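Line by line, the protein sequences are chains E and X.
Residue 390 in our numbering sits at position 390 of the first sequence, with consecutive numbering throughout.
Residue 358 in our numbering sits at position 358 of the second sequence, with consecutive numbering throughout.
Hint data in this document are derived by calculation from the structure and do not stem from the laboratory.
One should not assume that every hint holds.
[Stated by the list, open to error] Distance condition first, Cα-Cα at most 35 angstroms in a straight line; then the derived DSBU-like pairs of lysine-lysine: (1) X:Lys67 - E:Lys67; (2) E:Lys70 - X:Lys63; (3) E:Lys265 - X:Lys320; (4) E:Lys378 - X:Lys320; (5) E:Lys372 - X:Lys245; (6) X:Lys67 - E:Lys238; (7) X:Lys70 - E:Lys387; (8) E:Lys56 - X:Lys70; (9) X:Lys240 - E:Lys388; (10) X:Lys372 - E:Lys161.
Just so it is clear, the structure is predicted and the values come from calculations on it, not from any experiment.
Protein chains: 2
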Amino acid sequence: MKKFNTSPISGMQELTPAKQAIFDKLKNEIAGVYHSHGFLSIETPIIDRTEILLAKAGGDTEKQIYKVVKTAETEGDADQALRFDHTVPLARYVVEHENDITFPFKVTQIGRNFRGERAQKGRFREFYQLDVDVIGREKLALAYDAEVVKTAYDALKTFIKPEMKIRISNRKILSGLLQELGLETKSEDIFSIIDHAEKVPKEKTLSAFEEIGLSNSEIEKLSSFMGINGTRETVIEKLKNLDIKNEIFALGVEELDEVLALLEKQGLKDTAVGDMLIIRGLDYYTGSVFETFLPEYREIGSICSGGRYENLASNYTENKFPGVGISIGLTRLFYVLNENNLLDEVSENPIDLVLIPFSENEYEYTFNLAEKLRSSGKKVDINLSDKKVGDKFTYAAKIAKFASVIGGNEVETGNIEVKNLETGEKLKLEDYIR
Amino acid sequence: MKKFNTSPISGMQELTPAKQAIFDKLKNEIAGVYHSHGFLSIETPIIDRTEILLAKAGGDTEKQIYKVVKTAETEGDADQALRFDHTVPLARYVVEHENDITFPFKVTQIGRNFRGERAQKGRFREFYQLDVDVIGREKLALAYDAEVVKTAYDALKTFIKPEMKIRISNRKILSGLLQELGLETKSEDIFSIIDHAEKVPKEKTLSAFEEIGLSNSEIEKLSSFMGINGTRETVIEKLKNLDIKNEIFALGVEELDEVLALLEKQGLKDTAVGDMLIIRGLDYYTGSVFETFLPEYREIGSICSGGRYENLASNYTENKFPGVGISIGLTRLFYVLNENNLLDEVSENPIDLVLIPFSENEYEYTFNLAEKLRSSGKKVDINLSDKKVGDKFTYAAKIAKFASVIGGNEVETGNIEVKNLETGEKLKLEDYIR
Numbered sequence: 001m002k003k004f005n006t007s008p009i010s011g012m013q014e015l016t017p018a019k020q021a022i023f024d025k026l027k028n029e030i031a032g033v034y035h036s037h038g039f040l041s042i043e044t045p046i047i048d049r050t051e052i053l054l055a056k057a058g059g060d061t062e063k064q065i066y067k068v069v070k071t072a073e074t075e076g077d078a079d080q081a082l083r084f085d086h087t088v089p090l091a092r093y094v095v096e097h098e099n100d101i102t103f104p105f106k107v108t109q110i111g112r113n114f115r116g117e118r119a120q121k122g123r124f125r126e127f128y129q130l131d132v133d134v135i136g137r138e139k140l141a142l143a144y145d146a147e148v149v150k151t152a153y154d155a156l157k158t159f160i161k162p163e164m165k166i167r168i169s170n171r172k173i174l175s176g177l178l179q180e181l182g183l184e185t186k187s188e189d190i191f192s193i194i195d196h197a198e199k200v201p202k203e204k205t206l207s208a209f210e211e212i213g214l215s216n217s218e219i220e221k222l223s224s225f226m227g228i229n230g231t232r233e234t235v236i237e238k239l240k241n242l243d244i245k246n247e248i249f250a251l252g253v254e255e256l257d258e259v260l261a262l263l264e265k266q267g268l269k270d271t272a273v274g275d276m277l278i279i280r281g282l283d284y285y286t287g288s289v290f291e292t293f294l295p296e297y298r299e300i301g302s303i304c305s306g307g308r309y310e311n312l313a314s315n316y317t318e319n320k321f322p323g324v325g326i327s328i329g330l331t332r333l334f335y336v337l338n339e340n341n342l343l344d345e346v347s348e349n350p351i352d353l354v355l356i357p358f359s360e361n362e363y364e365y366t367f368n369l370a371e372k373l374r375s376s377g378k379k380v381d382i383n384l385s386d387k388k389v390g391d392k393f394t395y396a397a398k399i400a401k402f403a404s405v406i407g408g409n410e411v412e413t414g415n416i417e418v419k420n421l422e423t424g425e426k427l428k429l430e431d432y433i434r
Numbered sequence: 001m002k003k004f005n006t007s008p009i010s011g012m013q014e015l016t017p018a019k020q021a022i023f024d025k026l027k028n029e030i031a032g033v034y035h036s037h038g039f040l041s042i043e044t045p046i047i048d049r050t051e052i053l054l055a056k057a058g059g060d061t062e063k064q065i066y067k068v069v070k071t072a073e074t075e076g077d078a079d080q081a082l083r084f085d086h087t088v089p090l091a092r093y094v095v096e097h098e099n100d101i102t103f104p105f106k107v108t109q110i111g112r113n114f115r116g117e118r119a120q121k122g123r124f125r126e127f128y129q130l131d132v133d134v135i136g137r138e139k140l141a142l143a144y145d146a147e148v149v150k151t152a153y154d155a156l157k158t159f160i161k162p163e164m165k166i167r168i169s170n171r172k173i174l175s176g177l178l179q180e181l182g183l184e185t186k187s188e189d190i191f192s193i194i195d196h197a198e199k200v201p202k203e204k205t206l207s208a209f210e211e212i213g214l215s216n217s218e219i220e221k222l223s224s225f226m227g228i229n230g231t232r233e234t235v236i237e238k239l240k241n242l243d244i245k246n247e248i249f250a251l252g253v254e255e256l257d258e259v260l261a262l263l264e265k266q267g268l269k270d271t272a273v274g275d276m277l278i279i280r281g282l283d284y285y286t287g288s289v290f291e292t293f294l295p296e297y298r299e300i301g302s303i304c305s306g307g308r309y310e311n312l313a314s315n316y317t318e319n320k321f322p323g324v325g326i327s328i329g330l331t332r333l334f335y336v337l338n339e340n341n342l343l344d345e346v347s348e349n350p351i352d353l354v355l356i357p358f359s360e361n362e363y364e365y366t367f368n369l370a371e372k373l374r375s376s377g378k379k380v381d382i383n384l385s386d387k388k389v390g391d392k393f394t395y396a397a398k399i400a401k402f403a404s405v406i407g408g409n410e411v412e413t414g415n416i417e418v419k420n421l422e423t424g425e426k427l428k429l430e431d432y433i434r
């Protein structure tokens, strides 16, 4: 009988061992692809100075940050809070360790971040983010924008079976357009309306434009701009046809063209497309912006997003560190894949083989056998409980695909039979190992 | 120029990318051994209910726990704090997920825990612990005590080169002895004095015994008890020679004998030894207790400890879950190995090869080549910056052992040369791959 409420706090992921094995498999596959692309791992502390974490924040971030109470023994410290993303601690890290870093710094961060949001199904307060970023000193080649997209795509491809669309824009394009239309003062509102356009009915977007005082002709221009999407050639042609003479606009189009062209060269012509609806709410993005969708499961929303920021650490240093990054929010992604039965094809038997010594007389032989099998890469459990052999097979069937009983006969002859617990088929140990 | 203090908060580990690669390698090696022994991974939330975390705590734990301030959006929640070890959340997990678990539950937890201690060189407030535990329902065979010790030993052995000693006792032995001597009421003090005996001069231990009112003959008996250590046969014989007729004492000796015998059978006769000085301060241990030392580096202290607890979740449920566990505190261990130059032999080149396209004309060829190399398991970076080729070699030499320039000639002929950046030696790509 329980004496306590033992459920985790709402908004926290806590998986059964079987689901955890799948989660870990996806996490390791993503990390493996990140490393194969030459990204180096770092880890920043989960607890950081509040003044660092909130140097640029505002709005939701400030409302959702978890502050930490200092203990009797840490009273002298600065005010502290839990990191809410990887980008802010990365900015601090780059400034702090500038001399230990080789630039361009290709870096990956994999770990949990924390946001104290209102409890809501499918939203997490503790969540894994798996980020890649490339940070330059003074300059960073645009080709890295394509590189982070390709890296994230390769990582997702290891376990996402439905079609993916990576929708890409460049914030300079809309900035230039608004400059050209004389709407700079309304930029923030317009970015926000376009950012939300897909989540509301079309009339609501139009009336939002009206509410901030746009003319019919301005609304028409923005609407046709927002409708531009497709593969590189189409999108670039349509943007050029808008006939906007603004320099920032032209630079944005040129950058988008180059990023999409680099992705075309890597076989992503139909996967990585231009789309003027992509904004990314966060105001630190200054160029390319990316979001990734599964067209057959649009309700899931973006599963992987990022962009280019011209100056990563401007709050902490006068030095200029341009960067580009992308992030997979694995906790939420795992949740929605599971809800949509898209994890079916991913399965992992955490344990290969359970050895069942018949009695304590067989322990020594079994230990030696396990050691051999483990050093050849097998995950081997030995059931050491004092239950009956039948119960031990029931135990084995729950956690592994194969089991072997080791009795006096096996010790004497060295002939070990391995039983497939799903089919009942019996194999010689030598054949099982092969 | 910095505008902010960008150092991490004192007591937090933050490594350079090169050191992080070594840290991650050790972490993965330990995890690999844990899994090879058939332990299943779980992860509990870092933030948990304060009432759960502090259900049994007291003393230092209560002083050092980091409480979390609820945000505007989580106000309705229970009081929250950061977990300070893996054992308490494991107890909650076992009660919560009892029906999803196969017992004996062989479980591993790898992650960061948090203690707001006074800042001190070599002490960490955020630290990785890599635990294995085996939890039974109602009963748990003693053989698992030996199993967790062997698992931790195999894990440490992957990177610890100096000799290791795993010192083992059983708390029932001292409990029974004190019962026999009529000193039960002073148990807590005596356990604590013996626990600290190695850290203070001998006279201090003796005077501590005097201060709590022990007679000379009692002190003499305890002193000779404390001097008992060595391989199984020696220790068991000396304990039996004490001629204590107490049942709990006898049971403790029998258990210790069995655990040491099982470790002997696995080749650890001289490594896993009995030692009556081992107590483990934590009062939830009820049987076997383990600590691991490097005799050549005694000042490092124990690098891996654990023990048997008869009732893991007694604070949360009426059901009985006996368990045994062991933990490697990797953050501190990494720090002391580094300080003692014991990481020298561990080295990891995080990136295998840097490809340097001569110009954008070679990008497509280079992308394809990288993809092939990556799918054959290589970690391949492409330098996409617009620096000179010489600068790109400088970059490559800092992060990888090999580099290749891909120019028009290479694209045309497919003859790629791979340069060893340490020796200057040049290889054909085909030979490099082999």
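Going through the hints against the structure:
no.: 1; hint: X:Lys67 - E:Lys67; in the structure: holds, 9 angstroms
no.: 2; hint: E:Lys70 - X:Lys63; in the structure: holds, 10 angstroms
no.: 3; hint: E:Lys265 - X:Lys320; in the structure: violated, 61 angstroms
no.: 4; hint: E:Lys378 - X:Lys320; in the structure: holds, 32 angstroms
no.: 5; hint: E:Lys372 - X:Lys245; in the structure: violated, 43 angstroms
no.: 6; hint: X:Lys67 - E:Lys238; in the structure: violated, 55 angstroms
no.: 7; hint: X:Lys70 - E:Lys387; in the structure: violated, 47 angstroms
no.: 8; hint: E:Lys56 - X:Lys70; in the structure: holds, 21 angstroms
no.: 9; hint: X:Lys240 - E:Lys388; in the structure: holds, 33 angstroms
no.: 10; hint: X:Lys372 - E:Lys161; in the structure: holds, 21 angstroms
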